[in-house]
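Quick note, the sequences are listed as chains D and G, same order. Number 15 in my numbering belongs to position 12 of the first sequence; there are no gaps in the numbering. Number 642 in my numbering belongs to position 641 of the second sequence; there are no gaps in the numbering.
One thing to keep in mind: the hints can contain errors.
To be verified - Quick list of simulated restraints, FRET-style, between CB atoms:
no. : chain 1 : residue 1 : chain 2 : residue 2 : range
1   : D       : Cys27     : G       : Leu514    : 47 to 57 Å
2   : D       : Ile56     : G       : Pro344    : 24 to 34 Å
3   : D       : Thr30     : G       : Thr118    : 24 to 34 Å
Hint data in this document are derived by calculation from the structure and do not stem from the laboratory. Quick caveat, the model's predicted, so the values are computed rather than measured. Positions of the beta carbon are idealized from the N, C-alpha and C atoms, including for glycine.
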Amino acid sequence: MRTVEEVVAGVFGVERASVDESSCPETVEGWDSMGHLNLLAALEQNFNVSIDIGDAVEMVNVQKIREILLAYGVRG
Amino acid sequence: MKRTAEDGLGKWIGAAEVALLESVEEATAERFAGLAAGLLRHCPQKLWDLLREASKGELDEVPALENLLERLAESLVGVGRLAEAGDLLRAARHWEVGLAGSVYRQLAQAQMLSGETARAEETVRELLKRDPADLDALRLLYRLLGRTGRTAEAHDVLSRLVELDPTAATAAWAFRERAKLGEAGGRPVRIALLSSYVLDPLIPFLDVECRRAGLSPAFYVTPFNQYTQEVLDPSSGLHSFSPEIVFVALELEDLFPGIRRMPSVDELARSRDEIRGTVTALIRELHARCPGLIVVHELALTGPSPHGILDNRRGDGLSRWVENVNRDLADELGSQPHTFLLPLREVLARAGTERGQSRKLRYMARMRHGDAALRELARYSMRYVKPVKGLTRKCVVVDLDGTLWGGVVGEVGADGIQLGPTAPGIEFVDFQEALLNLTKRGILLAICSKNNMDDVMPVLREHKHMVLREEHFSARRINWRNKAENLAEIADELNIGLDSLVFLDDNPVERELIRRLLPDVLTVELPRDASQLRATLENLTDFEQLAVTKEDELRVGQYEANRLRQALKRSSGRLDEYLHSLEMRADIARARASHVARLVQMFNKTNQFNTTTRRYQTQAMAQFVASPDHRVYVLEVADRFGEHGIVGAAIVREERKTWHIDSFLLSCRVMGLSVETVLLKQIYDAARVRAIGRLVGEFVPTVKNGPTADFYRRHGFRLDGDVRGTQTWILDPRVDRIEDPAWIAVTVTEE
Numbered sequence: 004m005r006t007v008e009e010v011v012a013g014v015f016g017v018e019r020a021s022v023d024e025s026s027c028p029e030t031v032e033g034w035d036s037m038g039h040l041n042l043l044a045a046l047e048q049n050f051n052v053s054i055d056i057g058d059a060v061e062m063v064n065v066q067k068i069r070e071i072l073l074a075y076g077v078r079g
Numbered sequence: 002m003k004r005t006a007e008d009g010l011g012k013w014i015g016a017a018e019v020a021l022l023e024s025v026e027e028a029t030a031e032r033f034a035g036l037a038a039g040l041l042r043h044c045p046q047k048l049w050d051l052l053r054e055a056s057k058g059e060l061d062e063v064p065a066l067e068n069l070l071e072r073l074a075e076s077l078v079g080v081g082r083l084a085e086a087g088d089l090l091r092a093a094r095h096w097e098v099g100l101a102g103s104v105y106r107q108l109a110q111a112q113m114l115s116g117e118t119a120r121a122e123e124t125v126r127e128l129l130k131r132d133p134a135d136l137d138a139l140r141l142l143y144r145l146l147g148r149t150g151r152t153a154e155a156h157d158v159l160s161r162l163v164e165l166d167p168t169a170a171t172a173a174w175a176f177r178e179r180a181k182l183g184e185a186g187g188r189p190v191r192i193a194l195l196s197s198y199v200l201d202p203l204i205p206f207l208d209v210e211c212r213r214a215g216l217s218p219a220f221y222v223t224p225f226n227q228y229t230q231e232v233l234d235p236s237s238g239l240h241s242f243s244p245e246i247v248f249v250a251l252e253l254e255d256l257f258p259g260i261r262r263m264p265s266v267d268e269l270a271r272s273r274d275e276i277r278g279t280v281t282a283l284i285r286e287l288h289a290r291c292p293g294l295i296v297v298h299e300l301a302l303t304g305p306s307p308h309g310i311l312d313n314r315r316g317d318g319l320s321r322w323v324e325n326v327n328r329d330l331a332d333e334l335g336s337q338p339h340t341f342l343l344p345l346r347e348v349l350a351r352a353g354t355e356r357g358q359s360r361k362l363r364y365m366a367r368m369r370h371g372d373a374a375l376r377e378l379a380r381y382s383m384r385y386v387k388p389v390k391g392l393t394r395k396c397v398v399v400d401l402d403g404t405l406w407g408g409v410v411g412e413v414g415a416d417g418i419q420l421g422p423t424a425p426g427i428e429f430v431d432f433q434e435a436l437l438n439l440t441k442r443g444i445l446l447a448i449c450s451k452n453n454m455d456d457v458m459p460v461l462r463e464h465k466h467m468v469l470r471e472e473h474f475s476a477r478r479i480n481w482r483n484k485a486e487n488l489a490e491i492a493d494e495l496n497i498g499l500d501s502l503v504f505l506d507d508n509p510v511e512r513e514l515i516r517r518l519l520p521d522v523l524t525v526e527l528p529r530d531a532s533q534l535r536a537t538l539e540n541l542t543d544f545e546q547l548a549v550t551k552e553d554e555l556r557v558g559q560y561e562a563n564r565l566r567q568a569l570k571r572s573s574g575r576l577d578e579y580l581h582s583l584e585m586r587a588d589i590a591r592a593r594a595s596h597v598a599r600l601v602q603m604f605n606k607t608n609q610f611n612t613t614t615r616r617y618q619t620q621a622m623a624q625f626v627a628s629p630d631h632r633v634y635v636l637e638v639a640d641r642f643g644e645h646g647i648v649g650a651a652i653v654r655e656e657r658k659t660w661h662i663d664s665f666l667l668s669c670r671v672m673g674l675s676v677e678t679v680l681l682k683q684i685y686d687a688a689r690v691r692a693i694g695r696l697v698g699e700f701v702p703t704v705k706n707g708p709t710a711d712f713y714r715r716h717g718f719r720l721d722g723d724v725r726g727t728q729t730w731i732l733d734p735r736v737d738r739i740e741d742p743a744w745i746a747v748t749v750t751e752e
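Using the sequences plus the hints, can you model the full thing?
Structure follows, in structure tokens:
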């Protein structure tokens, strides 16, 4: 299992070093609405959870993703 | 304090040196490990200096050497000693100590960051040598290639990455990166996508497939759910893009929302008509403004029927209704040469609908297909793209041992090979049947095998379970020579290009050889398991054609007839004796709509005997045939050995006192027999009868049409002008004469 930052870097093909807690669609190239869905799929697969649609739309940056995953009992 | 610390380190170093030089026992080994740990923390470079001078035998005694070297390499990178780290990795290779890939990656990244691109690339390629499928290494390589401007290689690496990690995310990333890289070379193709749902994620997968086929694609996707406006408005983005092929993907639920609520028999009947009407009207409007090929996705249900097992017993059952709706569409689209129905349900079934479709995607984004379905759909779509771009391959060259049968016939004899109605052996029979089916579509077969003729021919001629026989193969090279030479000769003999060949051989060494020496040949990666041979062949997308013409069906038989003609020629004394003995018959007719497919095929394939090499596609050709100002002729030839089919064509433009021969072509199969004179004479006669005073032939010289250069002069035309690469030749039918050759019996079907 990788960290949220690592999953984000992997999905969008960017350097791991360029991803931090504030990374969001405005700062990561390719993180548009289509990219968000790819990210969702990758997070679900990596952390072995099924994320609610309502929660999925709340995932506005890496920090928020981490918080939401915590609520699913996952530490990423 | 400082001095004490330095003293301490000096002692450590001394002790470590001693430990390495002594013969090492268990206790000493542990001490060494402790000392090494200390050195690692404080001064990794010194540890490396020590190790470097140790011999292989001494190293074998060092406990947990791999682990130590890995940590040492990481430390060296960490303190910026990149040169030493590189040396260490090289030494590890030399010592045959396998280190973890992560160490190499770390070094490569550090080298990249400090600008040592050449070294970084060396490190990355080392990684790829160990594991060619290392995704992280490939991504690093991609960045390095981009940085050093090697665009073509960078494109290849992107394709490889998507191949190895075929997810929508990677495909989308690769697609974005390509735009940054710029051009890769390859024939351009313009593909448009109209859909009622979000099918954008298909594009990156289609991009990879196109590039693998040597194309350089440009895509246009109509804005979501505005496909009708885009079709109707002649100034829309869609029409400005001028696509060569348009995929139309309409979802059943978008065309008929009521389908989700168990509609009644009446509602179903009404919407069946509406759907048929709407879709055919849309396609008609599209075709009126756009000359490209139109491929419509079948309609498909998105889940099991709410009627359960009673569905196919009820009048309002959905599965049979969807069958009927698709059959309606197939009838409409099948009646025209420029429209096709893509069997979407078959494609989705291969992907597996559960894997293919994610409900979450549907609700959140009106997307329909998951990664697996997108991949299958992209692959299947190439079956339409390839024939539009002339990428259809015409000949499959097969090896024998291990490919057409199991075992080596030269060793086990004809009775020992595996070929028969039970396993092992039945998988090869099945494979041969699939190959036989290809010949019925006009695809040629050839043999290229390292064998003795005497071992092979009895099997080909007499083995009880061979499906393929001698007559199915249009060429053979059964010898001990290099297969690349043999393949080149086969292409030459059959008068087709290397890019028309598909090579099937169970030996990976032969495959690699051909891939390297003859990259234009499609060398298929065959599975080691022979039971998958047939499926591999059937999965190829390189044999599709937009129409199967009579000439295609005759093709394999024609090669046999040609062999007989050659034999006759060799036995005839003089040329005119030979020509007369052929008993040639020619028929000339005015082209009808049913000829359009063959005409388009000829116009796009014929190079050597072609006066102007104008590549007209289906719509333009149909217009010529229907036009009152044009005459389109087709020439059909046969001799005593068989029919050639339609092998000549001409397009003539009529003006009041002048006729222009816009195009005149002849299949190279009948060159040198003067059949072109027959067709030219017909045009001449038709002009003379109407008192036309000027018959003008245009000739545009190209690299390939040398044989046509003296065509008009030979028939008495005079060169009138040569402007911007086009020669005009003139004849006055009222004065000059053209005669039919004596050895051809001509009939004319003039309307």
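Outcome of the hint check:
1. Cys27/D x Leu514/G: 47 to 57 Å: With a Cβ separation near 52 Å, Cys27/D and Leu514/G satisfy 47 to 57 Å, so the hint holds.
2. Ile56/D x Pro344/G: 24 to 34 Å: holds, 32 Å
3. Thr30/D x Thr118/G: 24 to 34 Å: Since Thr30/D and Thr118/G have Cβ atoms about 27 Å apart, the given range 24 to 34 Å holds.
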